[in-house]
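Asks: Protein chains in written order, with numbering that gives the first Met the number 0: chain A, 0 to 672; chain B, 0 to 313.
In short, the hints are calculated from the structure, not lab data.
Ideal Cβ positions, reconstructed from N, Cα and C, are used throughout, including at glycine.
Take the hints with a grain of salt, since some may be wrong.
Said to hold, decoys possible - In silico DSBU-like cross-links for lysine-lysine, where the CA-CA straight-line distance does not exceed 35 Å:
#1 B:Lys122 with A:Lys205
#2 A:Lys133 with B:Lys122
#3 A:Lys472 with A:Lys490
#4 A:Lys132 with B:Lys58
#5 B:Lys223 with A:Lys140
#6 A:Lys373 with A:Lys132
#7 A:Lys373 with A:Lys432
#8 A:Lys18 with B:Lys122
#9 A:Lys442 with A:Lys432
#10 A:Lys133 with B:Lys221
#11 A:Lys140 with A:Lys432
#12 B:Lys223 with A:Lys132
#13 B:Lys58 with B:Lys122
#14 B:Lys223 with A:Lys347
#15 B:Lys122 with A:Lys140
#16 B:Lys58 with A:Lys18
#17 A:Lys133 with B:Lys224
#18 A:Lys432 with B:Lys122
Said to hold, decoys possible - Not the full set, but computed from the structure, chain A residues with beta-carbon under 7 Å of chain B:
#19 Leu56
#20 Arg88
#21 Arg91
#22 Phe99
#23 Glu101
#24 Asn107
#25 Pro108
#26 Val109
#27 Asn119
#28 Leu121
#29 Leu122
#30 Gln156
#31 Ser159
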Amino acid sequence: MSHLLEVRNLVTTFRNEGKEFNAIEGVSLHVDRGEIVGIVGESGSGKSVTMLSSLQLIASPGRVAGGEVYLEGIEQNLLSFGSDSEQMRQIRGGRISMIFQEPMTSLNPVLTVGYQIQENVLLHTDLSQEEAKKRTIEAMKMVNIPDAETRYDYYPQQFSGGMRQRIMIAMAMAPNPDILIADEATTALDVTTQAQLLEMIRRIAKETNTAVIMITHNLGLVARYAERIYVMYGGHMMETADCKSIFHETRHPYTRALLRAIPRLDDPKDRILIPIDGLPPVPSQRPDYCPFYARCEYRCDRCLQHTDAAMKEVLPGHWSSCCLTEEELAAREEELQHKDYGASPERKQSDKLCLDVKDVRKYFPVYKGLLRKKVGEVKAIEDITFFVRQGETLGVVGESGCGKTTLARCIMRMYEPDEGQIIFDGEDVAHRKDNELKAFRPKISMIFQDPFSSLDPRQNAESIVGESLLIHKLVKDRGEYAQRVDDLFRKVGMDPALKDRVAHEFSGGQRQRIGIARALSSNPRMIICDEPISALDVSIQAQIINLLENIQAETGISYIFIAHDLAVVKHISDRILVMYLGRVMEIASCDELYENPLHPYTQALLSAIPVPDPVTEEGREAITIQGEVPSILKRPTGCPFHNRCPQCTELCKKETPALHETRDGHMVACHQY
Amino acid sequence: MVRYILQRLGQTLLVLLIVSFLTYLLVDFLPGDPIAAMTGGEISGETYERLFYEMNMDKPVLVRYFLWLKGAFTGDLGMSQSYHRRVVDVIGERVPVTLYLSVLAFLISVPLGILFGIISAVKRGSAADTAVTLTANVCTCLPQFWLGILFMYIFAMQLGWLPSSGFVWPHENFVLSIRQTIMPLLCLAIGGIASITRQTRSSMLEVIRQDYIRTARSKGLKSKKVIYVHALRNALLPVITLMGLRLGGMIGGSVFVENVFVIPGMGSLLVNAISSVDIPLVQGCVLLIAVFSCVINLITDIVYVYVDPRIKVA
Chain A
0 MSHLLEVRNL VTTFRNEGKE FNAIEGVSLH VDRGEIVGIV GESGSGKSVT
50 MLSSLQLIAS PGRVAGGEVY LEGIEQNLLS FGSDSEQMRQ IRGGRISMIF
100 QEPMTSLNPV LTVGYQIQEN VLLHTDLSQE EAKKRTIEAM KMVNIPDAET
150 RYDYYPQQFS GGMRQRIMIA MAMAPNPDIL IADEATTALD VTTQAQLLEM
200 IRRIAKETNT AVIMITHNLG LVARYAERIY VMYGGHMMET ADCKSIFHET
250 RHPYTRALLR AIPRLDDPKD RILIPIDGLP PVPSQRPDYC PFYARCEYRC
300 DRCLQHTDAA MKEVLPGHWS SCCLTEEELA AREEELQHKD YGASPERKQS
350 DKLCLDVKDV RKYFPVYKGL LRKKVGEVKA IEDITFFVRQ GETLGVVGES
400 GCGKTTLARC IMRMYEPDEG QIIFDGEDVA HRKDNELKAF RPKISMIFQD
450 PFSSLDPRQN AESIVGESLL IHKLVKDRGE YAQRVDDLFR KVGMDPALKD
500 RVAHEFSGGQ RQRIGIARAL SSNPRMIICD EPISALDVSI QAQIINLLEN
550 IQAETGISYI FIAHDLAVVK HISDRILVMY LGRVMEIASC DELYENPLHP
600 YTQALLSAIP VPDPVTEEGR EAITIQGEVP SILKRPTGCP FHNRCPQCTE
650 LCKKETPALH ETRDGHMVAC HQY
Chain B
0 MVRYILQRLG QTLLVLLIVS FLTYLLVDFL PGDPIAAMTG GEISGETYER
50 LFYEMNMDKP VLVRYFLWLK GAFTGDLGMS QSYHRRVVDV IGERVPVTLY
100 LSVLAFLISV PLGILFGIIS AVKRGSAADT AVTLTANVCT CLPQFWLGIL
150 FMYIFAMQLG WLPSSGFVWP HENFVLSIRQ TIMPLLCLAI GGIASITRQT
200 RSSMLEVIRQ DYIRTARSKG LKSKKVIYVH ALRNALLPVI TLMGLRLGGM
250 IGGSVFVENV FVIPGMGSLL VNAISSVDIP LVQGCVLLIA VFSCVINLIT
300 DIVYVYVDPR IKVA
């Protein structure tokens, strides 16, 4: 036993409605000193449960039911110590510390950040109160918190999300632990902030020789940062190897399927995503053979007899739990090569404009005081100009607060823009009154981000989908209504027999299909998709992307696809619009934007998004930008990006650059061009 | 911070002004002739005339209100008609008794309620939790006067352990005072203990699920520290609101309890004043209760700022 941390055959059970089931089953892993290890898996795969169980932090109704955990320097199995024992508490925070996903809720709102960091230092070191305060301020400086001495007395809510996560890192690192566990630590942050933080974690880990365990669902992140990777699915360890081997000598069918299902930033335009059919198993109904069996394209009858969850070494240092031999996998792979997944759907684009937005501006007034006096304005979006052709997909990308959603609502005419024109199908709808919009409403619809809260929990699927048929009087009678609803269900790949169910009886992917069917019901010319897949699991995302693409090929509909994930946007869009703090920074066709980004912000954004391929990652040039997206209330004068821009000049600070065409449809708002 | 307190103070004064006007009006609108009620009707026309002008009945109600308000500011709330003394003096004699009981009951119920709440939240699902929750649920719905009569029946009449009524101050006769106040205090405090227990339990359970508690546990803190330092302060926020309400409720509750145990406090005074249509006294009592409630709310708001830094920042 020579590893820093070793987990063997860990089993954790959860109790639900009187029944016990295993959340993780016989999971083993190890970490060595100074190493960065990634654990990837979809939600519910048991990656967080594994780490929480190792530290005995699993909360009721969960219970660690078996296994061993060894930490260097301690002879005994850590699980033999009680959860609240002195030894375990010394290890938690002192030798293994953890940072969590939600920076907004992971810090105590009624205690100062200084207290919270210092508490950890005092607990695990022999330092005096004063020395601990010094160490705390050093830790805050290490994570680049400006004015650490003053900020020591601040409360968490006085910091932005990225800053809070820095404080979490400072807190975790202050007692010099041996291992840092980062549980989806950057998932909730903007992509540029995410890149900054992960670079920082890597730097600190290497400087202090701390091992890092990165838990994430993002294959790109582990490709960029991890040295060794574990892949989990359905509570089982599926495959582990060093980073390059995982991506280039992929053994397990699940990992292979995952890599074929996710879009990449460097994809050719016509790549088709091959979705993984079906849904991940519910923990309580998991089979005792391979949990991926039902969705696996390589499965054979032998899999059903293979109930041993342990991984076997298939190549030096490369372990897999799949029972198929290399020859069998290769033979099946050969067959799959010839399987017809259907070509990338052919899309009919016309030159006719579906939507033409000119100089749209929307400010929101800010009221204050007893008399609700107007004291200012939130400049949500301004000078927005773009167009969308019929049958085309325009991707809109930008970080939080950039006005994506305000823009969508203006186009939907849920808001009336203060200024500008919104020409839809040849008619300006920007300033029409509600009753004049009747003819416009059915022509445009929307798909929302959260499939859980965007469907009425008390309405059944049929009436959710069919409601707008009735509102817009698109059907003559009951029979035609039923016919249309059934058609819509089939169109989104669902069985019309399910139409009596209510929203909570469907899975996330199915709900999003219902959302799409609802959007399609009025035969719109355009659908605005506001982050339609970001709440879904990786293996489900591809299904929805393909569905949207097929619908477009069939009906010639236009999409505005809003997302923060540039890889997905690039996959689905024809042209991309980049927004920052309420302004358009750049518009270009997909390939042009990716190969030749002009705006420094676009360059930074592209560079911040990792590609799930370690070899490509090594060859990429890293552009990191300073700081975080400022609040929309504090938009800098001149170019909104100037205070973070590496190429900022005096002119940028004074004058806002206008959007202008540099060549063939490539528009940019930057003084350099 | 100072600005915030001044703002709250201003709002409190405004509320008081409105409340006092409404109570004045309400009492004024009572059916029946106040002069007749006061004197029992057997007076000469001349006396009636004199009293009519003495009580400013010839002036419009708004003017009378302002005259009364002016008096209130200078400590003159008029004459009580049933006691034939100044209202201020009558109330002044009774207020300390009510305050003594209410504050004492409050001081008993807050720590006990919080303690029981923590115990049942931390040991969720255990026998202790079930017992505490069940008792608290039953106790919140027991009416105070019913409890009073029940206690009196058991402890005074059946067991004979405690005196059934009366009130003396502890410095007059310490042992008797304690024996006399046990039952009224229990009546006043039980509802408070129960509702604070319930609120503490539910907000503790809510807080314990929060991410920052997981963070605190992942640091290796002792469970006690996690609960008392990290969880309790957050869990107390809704409890503070409730405490303010309970203190106000206890002053209101004293109306019943004082009547049951024959205690010469504000509560019994108010009941007497209403039944004898002693209008100046009713107005004085209601005004004082309104002032108490407003001050308690003000204190609650200020305490809030100290416990929850989010308010200070925002």
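Asks: None of the hints should be skipped; say for each whether it holds.
Replies: Quick rundown of the hints versus the structure:
Between the alpha carbons of lysine 122 of chain B and lysine 205 of chain A the distance comes to roughly 43 Å, so the proposed pair goes past 35 Å and is violated. Distance check on the hinted pair: lysine 133 of chain A and lysine 122 of chain B sit about 38 Å apart at the alpha-carbon level, beyond 35 Å; violated. A hinted pair counts as satisfied when its Cα atoms are at most 35 Å apart, and lysine 472 of chain A with lysine 490 of chain A qualifies at roughly 21 Å. For the hint linking lysine 132 of chain A to lysine 58 of chain B, the alpha-carbon distance of about 71 Å lies beyond 35 Å, and the restraint is violated.
Between lysine 223 of chain B and lysine 140 of chain A, the direct Cα distance comes to roughly 31 Å. Compliance with the 35 Å bound is thereby established for this hinted pair. For the hint pairing lysine 373 of chain A with lysine 132 of chain A, the CA-to-CA distance comes to about 44 Å; that exceeds 35 Å, so the pair is violated. The suggested pairing of lysine 373 of chain A with lysine 432 of chain A holds, with an alpha-carbon distance near 24 Å, which does not exceed 35 Å. Taking the CA atoms of lysine 18 of chain A and lysine 122 of chain B, the gap is near 22 Å; set against the 35 Å cutoff, the hint holds.
For the proposed pair lysine 442 of chain A and lysine 432 of chain A, the alpha carbon gap of about 16 Å is at most 35 Å, so the pair holds. Pair hint lysine 133 of chain A plus lysine 221 of chain B holds up; C-alpha atoms about 24 Å apart against a cutoff of 35 Å. A distance of roughly 55 Å separates the Cα atoms of lysine 140 of chain A and lysine 432 of chain A; the hinted pair therefore is violated under the 35 Å criterion. With a CA separation close to 23 Å, the supplied pair lysine 223 of chain B and lysine 132 of chain A stays within the 35 Å bound.
Taken as a hint, the lysine 58 of chain B and lysine 122 of chain B pair is broken in the structure, with Cα atoms around 65 Å apart against an allowance of 35 Å. A hinted pair counts as satisfied when its Cα atoms are at most 35 Å apart, and lysine 223 of chain B with lysine 347 of chain A does not qualify at roughly 66 Å. Distance check on the hinted pair: lysine 122 of chain B and lysine 140 of chain A sit about 41 Å apart at the alpha-carbon level, beyond 35 Å; violated. This hinted pair does not check out: lysine 58 of chain B and lysine 18 of chain A have alpha carbons roughly 78 Å apart, beyond 35 Å.
Taking the CA atoms of lysine 133 of chain A and lysine 224 of chain B, the gap is about 23 Å. The hint holds against a cut of 35 Å. Between lysine 432 of chain A and lysine 122 of chain B the alpha-carbon distance is near 59 Å, which puts this suggested pair outside the 35 Å criterion. Hint status for leucine 56 of chain A: holds, given a least beta-carbon distance of 6 Å to chain B, under 7 Å. Given the 7 Å rule on beta carbons, the hint for arginine 88 of chain A holds: about 4 Å separates it from the nearest Cβ of chain B.
Among the interface hints, the one on arginine 91 of chain A holds; its C-beta lies about 4 Å from the nearest C-beta in chain B, closer than the 7 Å criterion. Of the supplied interface hints, the one on phenylalanine 99 of chain A holds, with its beta-carbon coming within about 6 Å of a beta-carbon of chain B, less than 7 Å. The criterion of a C-beta within 7 Å of any C-beta in chain B is met by glutamate 101 of chain A, whose closest approach is roughly 5 Å, and the hint holds. Taking 7 Å as the C-beta cut-off, the interface hint given for asparagine 107 of chain A holds, the closest approach to chain B being about 4 Å.
For proline 108 of chain A, the interface hint holds, since its Cβ comes within 7 Å of a Cβ in chain B; the closest pair sits about 6 Å apart. Among the interface hints, the one on valine 109 of chain A holds; its C-beta lies about 5 Å from the nearest C-beta in chain B, closer than the 7 Å criterion. Interface restraint check for asparagine 119 of chain A: the shortest CB-CB distance to chain B comes to about 5 Å, inside 7 Å, so the restraint holds. Taken as an interface hint, leucine 121 of chain A does not check out: its beta carbon lies about 10 Å from the nearest beta carbon of chain B, beyond 7 Å.
For leucine 122 of chain A, the interface hint holds, the least distance from its beta-carbon to any beta-carbon of chain B being 6 Å, beneath 7 Å. Interface restraint check for glutamine 156 of chain A: the shortest CB-CB distance to chain B comes to about 6 Å, inside 7 Å, so the restraint holds. Given the 7 Å rule on beta carbons, the hint for serine 159 of chain A is violated: about 14 Å separates it from the nearest Cβ of chain B.
The structure shown violates the earlier hints numbered 1, 2, 4, 6, 11, 13, 14, 15, 16, 18, 28 and 31.
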